[in-house]
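As they're listed, the protein sequences go chains U and S. Residues are numbered in the working numbering as their position in the first sequence, beginning at 1, plus a constant of 290. Residues are numbered in the working numbering as their position in the second sequence, beginning at 1, plus a constant of 32.
For the record, the hints were derived by calculation from the structure and aren't laboratory data. Please note that a few of the clues may not be correct.
Unchecked claim - Only pairs whose alpha carbons sit at most 16 Å apart, straight line, appear in this in silico EDC-like list of lysine to aspartate or glutamate:
(1) S/Lys163 - S/Asp73
(2) S/Lys93 - U/Glu456
(3) S/Lys121 - S/Glu67
(4) S/Lys97 - S/Glu67
(5) U/Lys333 - U/Glu456
(6) S/Lys97 - U/Asp295
(7) S/Lys97 - U/Glu456
(8) S/Lys93 - S/Asp111
(9) S/Lys121 - U/Glu456
(10) S/Lys97 - U/Glu460
(11) S/Lys121 - U/Glu462
(12) S/Lys121 - U/Glu497
Values in this document were obtained by computation on a predicted structure and should not be read as measured data.
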Amino acid sequence: MHIPDGILPPTVAIGGYAITGGMTWYSLRKISRSHNPSEQIPKASLLTAGFFVASLIHIPIPPSSIHLVLNGLVGVVLGYFAFPAILIGLFFQAVMFQHGGLSSLGVNAAMMGIPAILAYHLFQLHHSFPQGERWANAFAFLAGGGALGLAALIFTVLVVTTIPAEVNAELERRAIYIGLAGYSVQAVIEGTFTMLLVSFFRRVKPELLSDAIDN
Amino acid sequence: MRWQFFLYLTLSFFSAAPVFAHGAAIEHRRTSAIEIRATYDSGEPMANAQVTVYAPSDPTKPWLKGTTTEEGTFVFVPDPDISGDWDVKVRQSGHGDLVSIPVENTEATTAANQAQASDSWRGGNYTPLQKAMMAALGIWGFIGTALFFARNQSEKK
Numbered sequence: 291m292h293i294p295d296g297i298l299p300p301t302v303a304i305g306g307y308a309i310t311g312g313m314t315w316y317s318l319r320k321i322s323r324s325h326n327p328s329e330q331i332p333k334a335s336l337l338t339a340g341f342f343v344a345s346l347i348h349i350p351i352p353p354s355s356i357h358l359v360l361n362g363l364v365g366v367v368l369g370y371f372a373f374p375a376i377l378i379g380l381f382f383q384a385v386m387f388q389h390g391g392l393s394s395l396g397v398n399a400a401m402m403g404i405p406a407i408l409a410y411h412l413f414q415l416h417h418s419f420p421q422g423e424r425w426a427n428a429f430a431f432l433a434g435g436g437a438l439g440l441a442a443l444i445f446t447v448l449v450v451t452t453i454p455a456e457v458n459a460e461l462e463r464r465a466i467y468i469g470l471a472g473y474s475v476q477a478v479i480e481g482t483f484t485m486l487l488v489s490f491f492r493r494v495k496p497e498l499l500s501d502a503i504d505n
Numbered sequence: 033m034r035w036q037f038f039l040y041l042t043l044s045f046f047s048a049a050p051v052f053a054h055g056a057a058i059e060h061r062r063t064s065a066i067e068i069r070a071t072y073d074s075g076e077p078m079a080n081a082q083v084t085v086y087a088p089s090d091p092t093k094p095w096l097k098g099t100t101t102e103e104g105t106f107v108f109v110p111d112p113d114i115s116g117d118w119d120v121k122v123r124q125s126g127h128g129d130l131v132s133i134p135v136e137n138t139e140a141t142t143a144a145n146q147a148q149a150s151d152s153w154r155g156g157n158y159t160p161l162q163k164a165m166m167a168a169l170g171i172w173g174f175i176g177t178a179l180f181f182a183r184n185q186s187e188k189k
């Protein structure tokens, strides 16, 4: 899922940084307007740690293997903290493990962070439905799986439309579409994981779910 | 006319020898080839991935194109007259990497390189133990940040 250096043309990489800059500013403004901005920082830091190591855990799905992204889960639990959390997590993944590159950090952050914010808003919709485990779980599943699905879709569109001339486009496109099929399986896994964790939080510590930041 | 026929036969025997001959010859020379091996960070080989080689003389134009084997390997012989960093890019479904391989053309360094040539791979990913250490240190950084801000909050209370 992470786009490494040298895959995207410079204009796309710069555009990614512009979008990420705007989204970071907007998220930080939302956070600073909440009643106690620093209250959520310990939780955000721990979720960033989870996001940071998730990409190292490989799940074998033939013909290759996938790693969890968890951007939907980060979005559901952190709200607007999700965007800076994902940006920081991606920065450390790039400099320590070469997952993604520094030139493509902006694109990667926008690709995973914006679906995370959308997942948060999608999960909040469960308040409009009758209170109960079932609706919260359903929206958690949709948010977790949907965020990964949307990120995979953005990834696919970006790499398919920017295949350089020296690469065999047909071969590359076929490989990308096979990859997209793998991401659909991953969306179900991430949706289930998000649902299980949200269900656990709702039982053990409901205040951990960021219902109060959106203002 | 008979002597003319023999002259023709003799001449054609020597001049067009390859046409009639069934012999074969193999020439050989030693070159310094470079073999790359591309793997995903899970350790799986990047099979049938597209490889583009750029010569140091023109890093914008592909010098050679090809695909990796099932084991993720690819062999090429760089032009010994072009010294510098040869860039090799491997790409598959939007994933990939770029590596710079230094190639020197002076005789002394060629001899030194041949002496150093071995079966061991250079570069590549970290070992699982290194990764685990780095991940643990990274996690500790995040936990430390969490504890720091949690302490501030408990002091305020």
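Find the hints from earlier in the document that the structure breaks and name them by number, from lowest to highest.
The structure breaks hints 5, 6 and 12; every other hint is satisfied.
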